[in-house]
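Enquirer: When the letters of the sequence shown are read in order and numbered with the working numbering, they come out as residues 101 to 252.
Calculated directly from the structure, the hints in this document are not laboratory data. A couple of the hints might just be wrong.
[To be verified] Here are the in silico distance ranges between beta carbons for each label pair:
| no. | residue 1 | residue 2 | range |
| --- | --- | --- | --- |
| 1 | L123 | K210 | 35 to 41 Å |
| 2 | L123 | N227 | 35 to 41 Å |
| 3 | Q203 | C168 | 31 to 37 Å |
| 4 | H224 | K196 | 18 to 24 Å |
| 5 | P166 | D110 | 17 to 23 Å |
| 6 | A119 | V195 | 22 to 28 Å |
Even for Gly, the Cβ is constructed at its ideal location relative to N, Cα and C.
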Amino acid sequence: MAPPSTDIFDYGAQQTAQASQPLAERMRPRKLEEFLGQGHAVGKGTLIRLAVEQDRVFSMILWGPPGCGKTTLARIIAGESRSHFVHFSAVLSGVKEIRSVIQDAKEKQKLYHKRTVLFVDEIHRFNKAQQDAFLHHVESGLLTLIGATTEN
């Protein structure tokens, strides 16, 4: 969740936006304890939970059918590790948007010492140019990549 704004107009806009969110969005789990049905992946003592608890989040691919919680889990991982979360669609975004995300991640790291978790929805649709645009930044640790796919 974003830090509260000191601008009273921004605060009012944020409150209005939150109140107008669909019920499903308002009820979405925000902590690992609230995330049900995936104990084998995020239960006590599992690799993902330990990584989040120790603030040692790593890149990963989440696979599963639509609606099983891949996006929600990525948001929880970013939130509990105090990372900046960026939602990115492999279908709708191109290299230009990737470069913008990279620049923003560099600024967040430099100014706030904050890690960026890049969530790529439908990562199986990434083309070679998109992969090449951010691979170095994942390898260098600037970005932590969490990809979601329904493909095997």
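Enquirer: Run every hint past the structure and note whether it holds.
Expert: Hint check:
{"no.": "1", "hint": "L123 with K210: 35 to 41 Å", "in the structure": "holds, 38 Å"}
{"no.": "2", "hint": "L123 with N227: 35 to 41 Å", "in the structure": "holds, 36 Å"}
{"no.": "3", "hint": "Q203 with C168: 31 to 37 Å", "in the structure": "holds, 32 Å"}
{"no.": "4", "hint": "H224 with K196: 18 to 24 Å", "in the structure": "holds, 21 Å"}
{"no.": "5", "hint": "P166 with D110: 17 to 23 Å", "in the structure": "violated, 34 Å"}
{"no.": "6", "hint": "A119 with V195: 22 to 28 Å", "in the structure": "violated, 37 Å"}
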